[in-house]
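Protein chains: 2
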Amino acid sequence: MKHHSPEAEGPRFPDSTIRRLSLYLRFLQEADRTGAETISSSDLATRGGTTSAQVRKDLSLFGSFGKRGLGYSVPELLRELHQILGVDRPWRVGLIGAGKLGSALSSYEDFRRRGFEIRAVFDSDPQKIGKRWGEVHVIADADLEKVLERESIEIVMIAVPAGAAQALADRVVASGVHAILNFAPIRLRTPDDVALRNVDMAVEMEGLSFALTNR
Amino acid sequence: MKHHSPEAEGPRFPDSTIRRLSLYLRFLQEADRTGAETISSSDLATRGGTTSAQVRKDLSLFGSFGKRGLGYSVPELLRELHQILGVDRPWRVGLIGAGKLGSALSSYEDFRRRGFEIRAVFDSDPQKIGKRWGEVHVIADADLEKVLERESIEIVMIAVPAGAAQALADRVVASGVHAILNFAPIRLRTPDDVALRNVDMAVEMEGLSFALTNR
Chain A
435 MKHHSPEAEG
445 PRFPDSTIRR
455 LSLYLRFLQE
465 ADRTGAETIS
475 SSDLATRGGT
485 TSAQVRKDLS
495 LFGSFGKRGL
505 GYSVPELLRE
515 LHQILGVDRP
525 WRVGLIGAGK
535 LGSALSSYED
545 FRRRGFEIRA
555 VFDSDPQKIG
565 KRWGEVHVIA
575 DADLEKVLER
585 ESIEIVMIAV
595 PAGAAQALAD
605 RVVASGVHAI
615 LNFAPIRLRT
625 PDDVALRNVD
635 MAVEMEGLSF
645 ALTNR
Chain B
435 MKHHSPEAEG
445 PRFPDSTIRR
455 LSLYLRFLQE
465 ADRTGAETIS
475 SSDLATRGGT
485 TSAQVRKDLS
495 LFGSFGKRGL
505 GYSVPELLRE
515 LHQILGVDRP
525 WRVGLIGAGK
535 LGSALSSYED
545 FRRRGFEIRA
555 VFDSDPQKIG
565 KRWGEVHVIA
575 DADLEKVLER
585 ESIEIVMIAV
595 PAGAAQALAD
605 RVVASGVHAI
615 LNFAPIRLRT
625 PDDVALRNVD
635 MAVEMEGLSF
645 ALTNR
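One line per chain: the protein sequences are A and B, in this order. Throughout the first sequence, residue numbering follows the working numbering, covering 435 to 649 in sequence. Throughout the second sequence, residue numbering follows the working numbering, covering 435 to 649 in sequence.
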């Protein structure tokens, strides 16, 4: 699956579609808590910041849901979206970087609630290695490959300075991990069969300075 | 400027284009540090995770840069991109939420380096109010409107739990701030003339569980 240039390459499932599915899932969870049985595509559209037509198009990529005029069954679509997004099971996550951002990530409630469980934390700082960090202890970067394998880590979060990120990503990939969530402000190079998402806070901030400048 | 449903509404400058401009800017800064005088659209494409054609299209939205066959002048394009993205000047930023994520954000080097200066930090926790936080002191949420105005805050980062975010965003908007970077895992409702970007880490994580599930 290609992940590096979605717009240019036209993958089967664009990242923007998958992001909207996550937003629909959240809204369905809220609707379910309030006891709603059905939900319309326009309700979902409001939540996903899009149109009813886009909601129907997004969902039609994955099957035939909902009945014309009746909307979607909340419990059914909830179950389907869990399966589609792969959050009907827990995931074993590794975190590289026990700094302030790493600390925020490891206590981030929304990860735990969605089944993303941090099973290993790595750092290069001898001051940090061995320290208790949530439910685990910080492990030396040197042991990265060994521990990723031992803990059957499936997704790695990289929260280190830009200069250190690529070399660590290379080691993660070489260890057989196929998914990376990168917080370092650098565009990582990874093979096409590795799923890579970037959370780049300065890029988002520049989107705002652009908007304010070009109002 | 519409920001809520870029794909559906087709604004003049899609968020995806602006994100790529930020990536081009980073690569130009690196190239400039190594003393490069010119750069090709294919070099920029590699960095932005896209194609040469897309680079030329992105830049052509903002003017006529580069000479056919000669590429782009690094210092010239650097200057232009700074202006286009509005990072040729500093920005006064407020942060709501003095938790772990807020702590990571306020010490995030890439913000400072790009001129995003945190001038006020807010929290509702009496234990935190008054505490030193980088170069400022934590201020009570109750004083939000007063301090946003006094400090001429232009961009607000929201790093509070989902349940508290919308009410705070409403107060930020009512105070005349036109740009919000939201880290709360909720889709905020804001008027069309407010620029809103969401950094939603769980959504990105679900993009990875999706990719692993649908390999």
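Please keep in mind that the hints were generated in silico from the structure rather than gathered at the bench. Be a bit skeptical, because a hint or two may be false.
The list treats identical chains as interchangeable, and a pair is accepted whether it falls inside one copy or across any two copies.
Unchecked claim - Taking lysine-lysine pairs in the DSSO-like style, the calculated list, with each CA pair at most 30 Å apart, reads:
| id | residue 1 | residue 2 |
| --- | --- | --- |
| 1 | K501 | K491 |
| 2 | K562 | K580 |
| 3 | K491 | K565 |
| 4 | K534 | K491 |
| 5 | K580 | K501 |
| 6 | K534 | K565 |
| 7 | K562 | K501 |
| 8 | K562 | K534 |
| 9 | K534 | K501 |
| 10 | K491 | K580 |
| 11 | K562 | K491 |
| 12 | K501 | K565 |
| 13 | K565 | K580 |
Outcome of the hint check:
1. Proximity of K501 and K491 under a CA criterion of 30 Å is satisfied intra-copy only: 14 Å inside one chain copy versus 41 Å between copies.
2. In this assembly of identical chains, the alpha carbons of K562 and K580 lie at most 30 Å apart only when taken from the same copy (19 Å versus 41 Å across copies).
3. For the identical chains of this complex, K491 and K565 are neighbours neither inside a copy (48 Å) nor across copies (50 Å), given an alpha-carbon limit of 30 Å.
4. In this homomeric assembly, K534 and K491 never come within 30 Å of each other (Cα to Cα): the closest approach is 40 Å inside a single copy and 38 Å across copies.
5. In this assembly of identical chains, the alpha carbons of K580 and K501 never lie at most 30 Å apart, being 50 Å within a copy and 51 Å across copies at closest.
6. Proximity of K534 and K565 under a CA criterion of 30 Å is satisfied in both settings, with 14 Å inside one chain copy and 18 Å between copies.
7. When the C-alpha separation of K562 and K501 is checked against a cutoff of 30 Å, the pair qualifies neither within a copy, at 55 Å, nor between copies, at 51 Å.
8. In this assembly of identical chains, the alpha carbons of K562 and K534 lie at most 30 Å apart whether taken from the same copy (12 Å) or from different copies (17 Å).
9. Proximity of K534 and K501 under a CA criterion of 30 Å is satisfied in neither setting, with 48 Å inside one chain copy and 44 Å between copies.
10. For the homomeric pair K491 and K580, neither the shortest alpha-carbon distance inside one copy (43 Å) nor that between copies (45 Å) is at most 30 Å.
11. Within a single copy, K562 and K491 get their C-alpha atoms no closer than 48 Å, and across copies no closer than 47 Å, so neither meets the 30 Å cut-off.
12. Proximity of K501 to K565 under the C-alpha cut-off of 30 Å is found in neither arrangement, the shortest distances being 54 Å within a copy and 55 Å between copies.
13. For the homomeric pair K565 and K580, the shortest alpha-carbon distance inside one copy (19 Å) is at most 30 Å, but the shortest distance between copies (42 Å) is not.
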